[in-house]
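Colleague: So the sequences go chain by chain: V and A.
Sequential numbering of the first sequence, starting at 72, is according to this note's numbering.
Sequential numbering of the second sequence, starting at 72, is according to this note's numbering.
Hint data in this document are derived by calculation from the structure and do not stem from the laboratory.
Take the hints with a grain of salt, since some may be wrong.
[To be verified] Result set (SDA-like, lysine to any residue): computed pairs, CA atoms no more than 25 Å apart in a straight line:
1. V:K150 x A:P112
2. V:K107 x A:A100
3. A:K107 x V:R153
4. V:K107 x A:A97
There are 2 protein chains.
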Amino acid sequence: MLEIEDVTAGGAACCAPLSGPTLGEAEAAELARVFKALSDPVRLRLLNLIASSEGGEACVCDLTGPFELTAPTISHHLKVLRQAGLIDGERRGTWVYYRVVPERLTRLSGLFALPAFTS
Amino acid sequence: MLEIEDVTAGGAACCAPLSGPTLGEAEAAELARVFKALSDPVRLRLLNLIASSEGGEACVCDLTGPFELTAPTISHHLKVLRQAGLIDGERRGTWVYYRVVPERLTRLSGLFALPAFTS
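All chains, full assembly: derive it from the sequences and hints.
Modeller: In structure tokens form, the structure reads like this:
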């Protein structure tokens, strides 16, 4: 069920901070799509729930309870996160289990890393 | 010319990773606003230009050249970045000079930091 458009692979640009080399138009467009996926409070809270789950994995059956939203709405938000490459899902039996994609989060963490002169 | 709504100040939540404590609704909403500001390729490239400028500071007079956009459009994008607390501007003489807000970038970098078990 991999649906990741992986821009984290592919060379030097993978881990460059914003304070580093010039961001190309294509990479800026791809990152903008990732940030669009993150620009929703419910999706941020879902990502938080998944990332903080014991063992780093969350059953979709545990992700609807915390929200006053329907299951299809939660499924939509999970799909957006997955299409942005932030999470990955695996069906096992009745349920889908979600994990964060560590390479993607590490890419974003590195993007905002600061050089010594600004800190 | 400070217009920063600073959610980076104010306690334990300031540097918590997504894999850490539960993200509250208010903080999720504030972070979603920051990511909305980042969900535009031109704004990401502007932030990159500012963050990578020598001395960490960029004159607005150097920020229009790289884009095929009008000065008012660039100004609008800079305003969005400033309202999200990502950059700060200071007028000196004719021009406004922009810097990134290191606390905000550090907050975002920390948000995506991963615990050992997922890496």
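Colleague: Determine for every hint whether it applies to the structure shown.
Modeller: Consistency of the hints with the structure:
Distance hint between K150 of chain V and P112 of chain A is fulfilled; the C-alpha atoms sit about 22 Å from each other, no more than 25 Å. The straight-line distance between the Cα atoms of K107 of chain V and A100 of chain A is roughly 14 Å, inside the 25 Å bound, and the hint therefore holds. Between the alpha carbons of K107 of chain A and R153 of chain V the distance comes to roughly 18 Å, so the proposed pair stays at or under 25 Å and holds. The straight-line distance between the Cα atoms of K107 of chain V and A97 of chain A is roughly 18 Å, inside the 25 Å bound, and the hint therefore holds.
Hint violations for this structure: none, all hints satisfied.
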